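Student: The listed protein sequences derive, respectively, from chains A and B.
Under numbering that gives the first Met the number 0, the first sequence has 91 at position 92, and the numbering climbs by one with no breaks.
Under numbering that gives the first Met the number 0, the second sequence has 19 at position 20, and the numbering climbs by one with no breaks.
The reader is advised that the hints may include incorrect statements.
What the hints assert, rightly or not - Below, a list of computed lysine to aspartate or glutamate pairs in the DMTMM-like style, where the Cα atoms sit at most 20 Å apart: (1) A/Lys349 / A/Glu326; (2) A/Lys306 / B/Asp167; (3) B/Lys173 / A/Glu310; (4) B/Lys89 / A/Glu326; (5) A/Lys306 / A/Asp188.
To be verified - Computed, partial: chain B to chain A, Cβ under 8 Å: (6) Leu51; (7) Leu77; (8) Gly79; (9) Thr83; (10) Ala203.
Derived from the structure by calculation, the hints contain no laboratory data.
Given the structure is predicted, the values throughout are model-derived calculations rather than measurements.
We put the beta carbon where it would ideally sit given N, CA and C, even for glycine.
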Amino acid sequence: MKEIYFNADAGYLEGVVRGYRDGLITAPQYMNLTQCETMDDLKLQLATTDYAPFLQNEPSPISTSTLSARCTDALVAEFQYLQQNSAEPVSRFLEYITFGYMIDNVILLITGTLHERDTHDLLEKCHPLGFFDTMPALCVATNVQDLYNTVMVDSPLAGYFRECLSAEDLNELNIEIIRNTLYKAYLEDFYSYCQSCGEPTSSIMAELLKFESDRRTVNITINSFGTELSKDDRTKLYPRLGNMYPEAQIRLARADDMDQVKSILEQYGDYKRMILSANMNASSDSAGGSDMSLEDIFFANEVQLNKDAFEQQFHFGVFYSWLRLKEQEIRNIVWIAECISQQQKDKVNKYTPIY
Amino acid sequence: MSSYGGYAKTALHSAVTGLAVWAGLYLLLTGRGERFNVGGYLLRISPYMWGLYGIAFCIGFSVVGAAWGIFISGSSILGGAVRTPRIATKNLISIIFCEVVAIYGVIMAIVFSAKLGAVNSENGFSSSDYYTGFSLFWGGLAVGLSNLICGLAVGITGANAATADAHDQQLFVKILVIEIFGSVIGLFGLIVGLLVTGKAEDFAGVI
């Protein structure tokens, strides 16, 4: 029955987000982009897309990093329009989406401070969507307790620090553990918030967040091979949701190499299909085949799930899905730009197609 | 304190039920059972009240349905038109379908109110007057509720049509067909309202 009152709070913004989604670059336009010879050609082709107002004032030999920064500016401008025009309950949902970026910013600032980087440069590298008021004060961080007591307790991320206050000093390994613990708490909190939103938001967001959680589980497992992260610590980093919770997570925690991971993933229909296509392509002739890694397969599956979210109307999932699709599009554009600028045109078609 | 809310609700329910059971048993066991006379109570209510309630429900619920449908479609049309301005003019037809539901309510209210009149007889209301009152009540309720639901249906489908049209122009006419089927429901209510009050004569009193 949500349809009868959803539009009172969110009808206009849903229409706007669907308009943004219609502005995503389509397959014919990607063909044109991949056939560009220089960065100027690429800029010319991008002038017919939604990125035009942000690229037109850039001086002509445009670099990949500038291109990436301007595209991200376009994304941020669109998202901030949504945030500025929203009220409860949409504003709360959009806030939840920004917490992920806040976590990345916090970790970036802590790492940079420990390596004695300049605070001004660090603040410029932060993602604009994850900005919160007390963020610049993070640059005085020395250990986690201080960090929490002086800065984080007033921020929206305060509740996520509960599980990582026991980390002693901030070395490289611990910072990654902190990042993953924060993100785990954030995913679980986001999931329970979406469940409280009612159908159909809850079921659509549940799909998306469960896949995200499974993907993080697999990535944490693979990345922890060969580090000094113990099996127990690894288990503590897995988010407690998703198709792999709880059985596969217990088995993945004990895995030691890629073959064991693959055999565990083959138990699940969806992931078996994904593993098979990764395997087949890796063993085929790489000049002809499409040679996708597991990471690429995950990206492709995520794109498909996000596209499916637009099939239903009157739910909040469209905001999350559009943001993820737009980010994937920016990754694609940057990939194509890198291939062009480094003259490696044979790899230019390895972007993840969206439409 | 949400736990006290549960206790308060139980207390209220049991108090009301207890009072009703006590009153019923009192009447029954002291031989006054005849006093619980529903039919007599209904006949003591003036047929003017039934008739006017009917007219109020008719126009009131129809307007609620129309307004609800208009805001559902309108907000989606506005959102979609930010990027695709061409949809704004064509999708006004969804708004018009919702508006038509309110017009049905007004027409029926005018037709019903034509049957009201002063009763100048000193013998009170005739049985034909009672029939008029009852039929105006139920006819008005039929028109009002069906227009309410029709407005909702057309509104939601209109929002879907606007969203689909913004994405792909050819989908609009196909979804419009669904909307037309939805707006026929309001027409059914109108027809039933006319049939039910068709035989009702104007208020006249015992001659």
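Student: Determine for every hint whether it applies to the structure shown.
Tutor: Checked hints:
As the CA atoms of A/Lys349 and A/Glu326 are separated by approximately 16 Å, the hinted pair is consistent with the 20 Å bound. Note on A/Lys306 and B/Asp167: the hinted pairing holds, with a Cα-Cα distance of about 16 Å set against a maximum of 20 Å. In summary, the hint linking B/Lys173 to A/Glu310 is supported, as the alpha carbons are separated by about 17 Å, within the 20 Å threshold. Between B/Lys89 and A/Glu326 the CA atoms are separated by roughly 33 Å; this puts the pair beyond 20 Å, and the hint is violated.
Distance hint between A/Lys306 and A/Asp188 is unfulfilled; the C-alpha atoms sit about 24 Å from each other, more than 20 Å. Hint on B/Leu51 is violated. Least Cβ distance to chain A is approximately 29 Å, over the 8 Å limit. Here the hint on B/Leu77 is kept, as its CB sits about 5 Å from the closest CB of chain A, short of 8 Å. Because the beta carbon of B/Gly79 sits about 4 Å from the nearest beta carbon in chain A, less than 8 Å, this interface hint is met.
Hint status for B/Thr83 relative to chain A: holds, with the closest Cβ pair at about 6 Å, below 8 Å. Among the interface hints, the one on B/Ala203 is violated; its C-beta lies about 43 Å from the nearest C-beta in chain A, farther than the 8 Å criterion.
Going through the hint list in order, the structure does not satisfy hints 4, 5, 6 and 10.
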